[in-house]
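Taken in order, these protein sequences are the chains called U and E.
Numbering-wise, this note's numbering puts 176 at position 176 of the first sequence, and it's gapless, one number per residue.
Numbering-wise, this note's numbering puts 1052 at position 52 of the second sequence, and it's gapless, one number per residue.
Check each hint, because a few of them may be wrong.
[As the list claims (entries may be wrong)] Calculated cross-link-like contacts (lysine-lysine; reagent style DSS-like; alpha-carbon spacing at most 25 angstroms):
hint : chain 1 : residue 1 : chain 2 : residue 2
1    : U       : K483      : E       : K1031
2    : U       : K484      : E       : K1044
3    : E       : K1031     : U       : K314
4    : U       : K462      : U       : K473
5    : E       : K1042     : U       : K484
6    : E       : K1031     : U       : K484
7    : U       : K413      : E       : K1025
8    : E       : K1031     : U       : K335
9    : U       : K473      : E       : K1042
10   : U       : K473      : E       : K1031
11   : U       : K15       : U       : K76
12   : U       : K473      : E       : K1012
13   : U       : K484      : E       : K1025
14   : U       : K413      : E       : K1031
15   : E       : K1044     : U       : K473
[To be verified] Simulated coverage check for chain U against chain E, where a stretch passes if three residues somewhere in it have a Cβ under 8 angstroms from a Cβ of chain E:
hint : segment
16   : 44-54
17   : 240-248
Derived by calculation from the structure, the hints in this document are not laboratory data.
Cβ atoms here follow ideal geometry from the backbone N, Cα and C, with glycine treated the same way.
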Amino acid sequence: CSHLATEFIGDVETKYRRVVSWSIARHSNGRSLPKRRKIAIPTCGTCNITLVRPFVCLHCSYSGCWAGSHVADHLKQSSHIFCTSNNLFARVDVSSGAIFCSVCDDVVHNHTLDRAYLESHLKAEERRTVAKIPREPFKFWEPLADAEEVSALEGTTAIPCQGRRGLLNLGQTCYLNVILQCLVHNPLLRNHFLGDKHNHKLCKIQDCACCEMDKLYIEMYSEDTTPFGPVSFLATTWRKSAELAGYAQHDAHEFFIASLNHIHSNCKGSTNISCICIIHSTFAGQLQSDVKCERCGNVTSTVDPILDVNLELKEKVVRDDKGNPVVSLGACLRKYTQPEKLGPKEYTCSKCGKGSSASKRLSFRKLPPVLSFQFKRFEHKGSDKSASARKLDTPVRIPANLDMMPFTTMSVKDNDKENTGPPIMYQYELFAVINHEGQMDNGHYTNFARFDSGWYRFDDDKVTHSSLGACLKSTPYMCFYVKKHLEYKPHMTPTYIRTRETEAVRERALEQEKEAARQKELDDALLATV
Amino acid sequence: MADVDAFYRRIKLRLVETGEWDRMKVTIGPKLNESGWLDDIKHKGVERASEMDQLSFQTLFEALSKAGHVGLPLPARRELQAMIREYLEKQFE
Chain U
1 CSHLATEFIG
11 DVETKYRRVV
21 SWSIARHSNG
31 RSLPKRRKIA
41 IPTCGTCNIT
51 LVRPFVCLHC
61 SYSGCWAGSH
71 VADHLKQSSH
81 IFCTSNNLFA
91 RVDVSSGAIF
101 CSVCDDVVHN
111 HTLDRAYLES
121 HLKAEERRTV
131 AKIPREPFKF
141 WEPLADAEEV
151 SALEGTTAIP
161 CQGRRGLLNL
171 GQTCYLNVIL
181 QCLVHNPLLR
191 NHFLGDKHNH
201 KLCKIQDCAC
211 CEMDKLYIEM
221 YSEDTTPFGP
231 VSFLATTWRK
241 SAELAGYAQH
251 DAHEFFIASL
261 NHIHSNCKGS
271 TNISCICIIH
281 STFAGQLQSD
291 VKCERCGNVT
301 STVDPILDVN
311 LELKEKVVRD
321 DKGNPVVSLG
331 ACLRKYTQPE
341 KLGPKEYTCS
351 KCGKGSSASK
361 RLSFRKLPPV
371 LSFQFKRFEH
381 KGSDKSASAR
391 KLDTPVRIPA
401 NLDMMPFTTM
411 SVKDNDKENT
421 GPPIMYQYEL
431 FAVINHEGQM
441 DNGHYTNFAR
451 FDSGWYRFDD
461 DKVTHSSLGA
471 CLKSTPYMCF
481 YVKKHLEYKP
491 HMTPTYIRTR
501 ETEAVRERAL
511 EQEKEAARQK
521 ELDDALLATV
Chain E
1001 MADVDAFYRR
1011 IKLRLVETGE
1021 WDRMKVTIGP
1031 KLNESGWLDD
1041 IKHKGVERAS
1051 EMDQLSFQTL
1061 FEALSKAGHV
1071 GLPLPARREL
1081 QAMIREYLEK
1091 QFE
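Here chain E stands alone, though its shape is the one from the complex:
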């Protein structure tokens, strides 16, 4: 299992170094905005914050992270996974 962690770190380093991480972000980002996911998270955040009597970043962050992952639009998720898969296949050729 320690191997998986080491793998993850190496792959992440490679992704960032080659600029692939940024490229993927730039491809997925606009799609997330256009699908309304980004605005939805923002709206949820504003609503949550207005209900809290003691504003705390960490609480909001945790709640929104969960909601964000769950609400991720399927097409964007699939596309990102495909991009990652394609990259990995190229690396391990």
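So here's chain U without its partners, still in its complex pose:
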């Protein structure tokens, strides 16, 4: 829309931003009702009805209904060009703050609009947040503002960056291929490795998993689109994890966790507690377990670090209106976080002593930027792995957008609901799904992954265009969600860098002392001869 480029400036743009902020301030999620409504409800300028979804003219104070062309007529009659609306549909879908152009007679969109929307939306939410830990206010990255970055970008060629490349099956390695595809399409990992944060040519570690990742990203994002065989990745995995060696079919999830641990152990500055390596920064969350003694009410809480979430599928299955049995991700998460009864034989209260019954409840204390779910589809009868195992093929309905708010510790605890922060912090978007067909020992893994808004299906070396619909229709074994928006703590130098620097300072001080001592010796010797 050419009009957006020329007319969306000055007052018009300011009004747009104000509408977005107003929209955020107005939607209280139905919670803070006792407080009187400070903001008046708009009514349609044409038919006077209360507007739940107002279409606001960006040039004057008119607002109206979409129905019956009320707002479109106003725009034509007053020669105003733009109007906008805000669809904050139940906080599930953060909308685009769409703009309608009366000259083009259609909803229009461009990059500046996206930016304006995002900026005003985030600013409004930041204003409304009461945070104990200060957040870094959101700022767009401006590469042209920094002279160093400008010169670094000069003389570089931009290449298409989509990573749509198949992986050759090296002998029952489809389990490896699906996990690698999910890692390659993980936005945080992708940005880290494509940002040259671990250059394999400079690394001296033997069998380094980070180097393998670096090499993988180089191959997958190169301009070569012929299928690639991840031979060295496989070889390194065999050397580091004996249990994954050999050409037998392995479990994709087992390989996933093993890979995360390998990469973590090879990252610079990785530690065992509060690690900030790329793996932990991306996948690490915290699960809180609260055990409440039924007799004395004493609550013991433990916090455990997790890299992913494993969900049971033995659900009493709900039937949808067509009579088809269906389990949803929401239902699985509710089961995961619901209170579980512990009998007196299983629990002894630390406060009142004797064995008593208790209730245990899990909740998410800290949500990672990338949430990985695994559905426990393989049921082993008996304790050893070789015993007959059954595969549960229950279809699971997963949403493209997920809101984790109801499963967080704050929500579950029932108090402090006022201070949960901006809803966008809890919203995730699906970006990859792994499917498994067949039985335990002779099955095949395939996966779906998204780049921007395009979905693709990956079957080893075959990559095809697909759709969200096809992905959601498939039966997921594992699925990956990424946060819609990342929040940042104010910048802090990592501990290992600070230790390095203090060490360096101390060494220099020591050197100076030694030098001074030597000088003194020399002087004393000279004096002695005199």
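For chain U, the structure is supplied; the task is to place chain E on it using the hints.
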């Protein structure tokens, strides 16, 4: 019949003013997402749009509104109607 229209307007105003509208939206919204209805509409929209040679918001809007109403999952519809009924009964006590 004009009375019904006037009633509708007053009730709608009340619903929005008291925040009841928002509360109902927040209850039904996640259920619509979880049942897959929201993703289904989105998927239909993307498919329709890819088939149109002349993209037009109004055409898509009309087609999807119809599909949306028809495909509304029964449990969510019933729950919403029950919420509205309960509210109305309280108002007219």
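How the hints compare with the structure:
Using a Cα cut-off of 25 angstroms, the hinted pair U:K483 and E:K1031 holds, with the two alpha carbons roughly 20 angstroms apart. At roughly 23 angstroms between alpha-carbon atoms, U:K484 and E:K1044 fall within 25 angstroms of each other, so this suggested pair holds. Distance check on the hinted pair: E:K1031 and U:K314 sit about 21 angstroms apart at the alpha-carbon level, within 25 angstroms; holds. This hinted pair checks out: U:K462 and U:K473 have alpha carbons roughly 20 angstroms apart, not beyond 25 angstroms.
With a C-alpha separation of about 18 angstroms, the suggested pairing of E:K1042 with U:K484 holds against the 25 angstroms cut-off. A C-alpha spacing of about 20 angstroms is found between E:K1031 and U:K484, which places the hinted pair at or below 25 angstroms, so the restraint holds. Distance restraint check for U:K413 and E:K1025: the Cα-Cα separation of roughly 23 angstroms lies within the 25 angstroms cut-off, and the hinted pair is therefore satisfied. The hinted pair formed by E:K1031 and U:K335 meets the criterion: a straight-line CA distance of about 16 angstroms does not exceed 25 angstroms.
About 14 angstroms separates the Cα atoms of U:K473 and E:K1042, which keeps this hinted pair within 25 angstroms; it holds. At most 25 angstroms may separate the alpha-carbon atoms for a hinted pair to count; U:K473 and E:K1031 meet this at roughly 18 angstroms. Proximity of U:K15 to U:K76 is assessed by CA-CA distance (about 19 angstroms); at most 25 angstroms being required, the pair is judged to hold. Proximity of U:K473 to E:K1012 is assessed by CA-CA distance (about 38 angstroms); at most 25 angstroms being required, the pair is judged violated.
A threshold of 25 angstroms between alpha carbons decides the hint, and for U:K484 with E:K1025 the separation of about 21 angstroms falls inside it, so the pair holds. For the proposed pair U:K413 and E:K1031, the alpha carbon gap of about 22 angstroms is at most 25 angstroms, so the pair holds. This hinted pair checks out: E:K1044 and U:K473 have alpha carbons roughly 14 angstroms apart, not beyond 25 angstroms. By the rule of at least three residues with a Cβ nearer than 8 angstroms to a Cβ of chain E, the coverage given for the segment 44-54 of chain U holds, with 4 such residues.
Here the segment 240-248 of chain U counts 0 residues with a CB under 8 angstroms from a CB of chain E, which misses the bar of 3, and the coverage is violated.
The structure is inconsistent with the numbered hints 12 and 17, although it conforms to all the rest.
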